[in-house]
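Student: Since the structure of chain A is already known, use the hints to place chains B and C on it.
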Amino acid sequence: MKDTETDADPVLRLDGICKTFPGVVALADVELALYPGQVTALVGENGAGKSTLVKVLTGIHQPDAGTIRVDGAETRFPSAGAATKAGITAIHQETVLFDELTVAENIFLGHAPRGRFGLVDWTRMRGDAAAILDRIGARIDPRTPLRELGIASKHLVAIARALSVDARVVVMDEPTASLSQAEIEELYELVGRLKSEGKAILFISHKFDEVFRIADRYTVFRDGEMVDAGLIADVTEDQLVERMVGRSMDAIFPARTATPGGEVLRVEGMSHPTEFADISFTLRRGEILGFYGLVGAGRSEFMQALFGVTRPSSGTVTLDGRPLVIRSPADAIASGIVYVPEDRGRQGAITAMPIFQNVTLPSLAQTSRHGFVRMAEEFRLARRYTERLDLRAAALDQEVGTLSGGNQQKVVIAKWLATRPAVIILDEPTKGIDVGSKAAVHEFMAELAAEGLSIVMVSSEIPEILGMSDRVIVLRDGRIAARFDREGLTPEALVRAAAGYETAA
Amino acid sequence: MIRSFLRSREAILLAALIALVLLVETRFAGFAAPSNLAAIFNDTSILVILALGQMLVILTRCIDLSLASNLALTGMVTAMLNAAMPDLPMGVLIAAAIGLGLLMGAFNGLLVWKLEIPSIVVTLGTLTIYRGLIFLVSGGEWVNSHEMSAAYKALPRTEILGLPLLGWTGAAVVAAFAVGVNRTALGRAFYAVGGNPGAAIYTGIEVGRTRFQAFVIAGGLAGLCGYLWVSRYAVAYTDVAGGFELDIVAACVIGGISIAGGLGTVTGAVLGALFLGTIKNALPVAGISPFWQMAISGAAIIVAVAFHARRQPGRVILKPEAAR
Amino acid sequence: MSPTAEARRLPDRGTGCGARILRSWELLLAVIAILIFIANTQASPYFLDPWNLSDATFNFTEKAMIAFAMAFLIIAGEIDLSVAGIIALASTAMGWALQFDVGAAGLAVIGLGVGVVCGLFNGVLVTRLGLPSIVVTIGTMSLFRGISYIVLGDQAFNGYPESFVWLGRGYVFWVVSFELVLFALLAGLYAVVLHATNFGRQVYAIGNNPTAATFSGIRVARVKMILFVLTGAMSGIAAICLTARLGSTRPSIAFAWELEVVTMVVLGGVSILGGAGSIPGVVLAALIIGMATFGLGLLNVPGIVMSIFTGALLIAVIALPRLYRLIRTGRAA
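Going down the list, the sequences are from chains A, B and C. The first sequence begins at 1 in the working numbering and counts up one residue at a time. The second sequence begins at 1 in the working numbering and counts up one residue at a time. The third sequence begins at 1 in the working numbering and counts up one residue at a time.
If we strip away everything but chain A, and leave its shape as in the complex, we get (with noise of 0.2 angstroms):
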């Protein structure tokens, strides 16, 4: 990194850091540097490992190598609490809070006030909390259970906790992403004051806009690594765009040149008492349709509710105008709908068990007879999918845990596909994985649509949405904010209709 003129020091200083887990280099000789009263951009694409340097800042993971440096001189964080006692403190992106605790006691767990005997002073830590809760325009009752809160309030208490430490660097993990337009302002104001008290801000953001309105400095990271920096003066949106991606954008996304045939799926009224509300579509054969929208818009929702994870108030679902009757996810495999999740460690792959275990357990009925297993057979259906997918693996018997997330989410896309379903939902279907495993997906997608295959994905990186996508839905809180066709789709109408602008189409 070229230091350009400053008018401080840095407070805190990483070189050098590196980290890797298992089968993953995660951090690749990283450094970054943070300035009193600066805010500095740290952009990337999903699986950039900025989560990961996060995790390194507050002491949650110990770096392989290099060092922390505050206000100089070199320091380690072995906990949580000593990243907190240097004054770091953190908003982080999953929300690290305590549903059965009150609003109050999740904003000071930790660090509460103490009184007589040095036990907890639960009057003082009231007020204290009301105070930091009003300070961020937040209107919520300290003595709220957590449980009570929608996901918008949650995060407003998240960012309440990382505020109740008196901090010299606050880390903001994509602060912004599950929150109305009104409160993003709040925030903004918010940034702004911690910025002239003198604060070092690191602000995680995939929202361009928000980059160039609020951040001073830019740091890029690509696959682990550090690619670029500076003062965000230097740079336009472009140029941005493209130390982030590495490539231009017609080069990375697959040319899809048939045109969809008749229609597959109809979905009309789809509603949830709490998730989401009068969702109706249609999909063609050989169709990609997207689903955008920011993180807790309602979209992994409403597609499990379409699977049959979750039961919707009402709603019809027709498929090759056939109503259908999805109770279970089992009654969606056997209608031919099928749901690559977003979480594919928890929902989509069992990873302790073997890769071609892992694609027959919805197949069984194909590859078993009388309801014996035949492994012979498991493992020809297994290998058919999984080549057709080009994974990388050592043998078809080894553990799924043991696979890079490329090849994990090859292996949940090839058991859904073991299925030859009809439609076929992906939810994320590229999100933290690398560069080459999102291509091969990509392209494979584009093989399927070519097929005959429907295709609906939910994605929130917009270069993905457009580059895929025949049509695009976006949903906002939960209903259907707009809808676009490949004419007329830019990624600002996106942003607009995703965060609620004015002027949705």
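Derived from the structure by calculation, the hints contain no laboratory data. These numbers come from a predicted model, not from an experiment. Be a bit skeptical, because a hint or two may be false.
[What the hints assert, rightly or not] Reference listing, derived: stretches of chain B covered by chain A, where coverage requires no fewer than 3 residues with Cβ under 8 angstroms from a Cβ of chain A:
(1) 173-184
(2) 190-197
(3) 201-213
[To be verified] Reference listing, derived: stretches of chain A covered by chain C, where coverage requires no fewer than 3 residues with Cβ under 8 angstroms from a Cβ of chain C:
(4) 328-336
(5) 349-361
(6) 393-403
[What the hints assert, rightly or not] Negatives, chain C to chain A, calculated, CB over 10 angstroms:
(7) Ala-43
(8) Pro-45
(9) Val-124
(10) Gly-159
(11) Trp-174
(12) Val-175
(13) Val-176
(14) Ala-187
(15) Leu-296
(16) Leu-299
(17) Arg-322
(18) Ile-327
(19) Arg-328
Note that CB positions come from ideal geometry on N, CA and C, so glycine has one too.
Tutor: Structure of chains B and C alone, referenced to chain A:
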């Protein structure tokens, strides 16, 4: 404050407990008299203390099935020490009981913490080991009342303001828990570790160490109860408190301590134990065979766990006004 | 990245059969079993007597029958602590039915039926109401045995017919008892179902990751329900054998067996967290516990001390490999 208590599970349990007492009162006048209620509390004190210890362990998503064996072993050791050295001061004896209990709890806790063995496996093993050790130290012999010193037997029975010292011990432990669980960092850590172990790490709480601490406290309390139990019944033998480990878990479950961790209160655990204790005391006076006790407590566990069950809400994406 | 003509061949298996056996838990158990066998022959000259060996099998056959079904349940991520309570209730029901002169078959049907109903009750509470099985079955454990206490108090049922008693004491030929034959048949049946059927595969999937199993179209609640009923049925069968062998029913029958059964299952290599384990492992664990108990018995070691051995074995076999790994990684760091 009051309103939120009235809506809590503890309030419902308290109402059930009062209803139970009044129901028995209609069959047997005097059951609800303060002196009898004090007697019931005294009689249930050991269960109350152990349920509180177990509560800490369950809060951290673990379970300790070895508490009754721990109690029986420490009880036997104190009785044998007393029989061999009648002049040993009671303070030393009680300290030895607590110390031995702590040691056994620490053994459980270390296996759970350092070797990450599931607590149910560890304590299933130590349940039989600690119980077997009683036979080894005693050679299968009983320590009977006449072998124990007068001081050994008298201490828990000493009455202060109408309540024996045993009952006061129970009350003191309850008070200590009320403060310790609600107002110390460690007390809150138990909730954090059980409520969301992944998130606890982010707040600087060590999950394994916190679990270890829960096992140590529960073990120490079991040791204390070992002395209390043996001196109260004035006899020590290998099968003392056999099967009691499940009564302790039952008290917690009835008290609304969630086996999934992170959820439960001191009030709940105490009420759960008192509920079982009241049933045990009510059956004979209500003219019901004591053989009904086991089935009733079993049914109470099932009703309690079904009642406390809570559906997992989703992410609640729709805004409240829109959802309505 | 598209499929090419000369697609790479992925081998079916990465490690050879031999390597997998060498690293298996079952081999470790087999070695322990052989060591105990040798120790027993050294310790007592009476051990190798066929009739003595035959007697030894009664130490584990009934518990092992339940352990097979329990292994399924634990692999699927659930547990049933009410099995001994079911034995008490089933035995009491059979004793109560003596007055109607239903014959040996009638008694057996009643014992099995009570087991099935109890299992169904557990299954409904766990799968329909979504309650944690460990708590539910601690409750039903007291409830089932409690009903026996209500019926019997401090009394006992006696006077089982000879034909019924044969189920617990009879021999099929020479020293091979009916119970031993039943044990062997059930071991084979359970091994085949777990290791060679779709159902067994689904049980593993559920135990490893219930969410992913649901997403894969497995009807998780239905499978778990079947497993609870199966465990109840096996407890019923164990109740028949035990009642016949003892020739009487007291409410304290099979007291604390649930813990011994779980110990047997866990010692057999079944992960208490679910998702892993085998029936051969459980069979070996049953043999180890049975032989150790019997050997110590020949040496006049009291039963309570043997339980130390079982408990220590349970912890040691799980702790030692982890301790070894801990020390090794500690050195590496």
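Student: Take the hints in turn and mark each one as holding or not.
Tutor: Okay, the hints, checked on the actual structure:
no.: 1; hint: 173-184; result: holds (count 4)
no.: 2; hint: 190-197; result: holds (count 4)
no.: 3; hint: 201-213; result: holds (count 6)
no.: 4; hint: 328-336; result: holds (count 6)
no.: 5; hint: 349-361; result: holds (count 8)
no.: 6; hint: 393-403; result: holds (count 6)
no.: 7; hint: Ala-43; result: holds (41 angstroms)
no.: 8; hint: Pro-45; result: holds (47 angstroms)
no.: 9; hint: Val-124; result: holds (18 angstroms)
no.: 10; hint: Gly-159; result: holds (44 angstroms)
no.: 11; hint: Trp-174; result: holds (34 angstroms)
no.: 12; hint: Val-175; result: holds (34 angstroms)
no.: 13; hint: Val-176; result: holds (29 angstroms)
no.: 14; hint: Ala-187; result: holds (18 angstroms)
no.: 15; hint: Leu-296; result: holds (37 angstroms)
no.: 16; hint: Leu-299; result: holds (42 angstroms)
no.: 17; hint: Arg-322; result: holds (17 angstroms)
no.: 18; hint: Ile-327; result: holds (20 angstroms)
no.: 19; hint: Arg-328; result: holds (17 angstroms)
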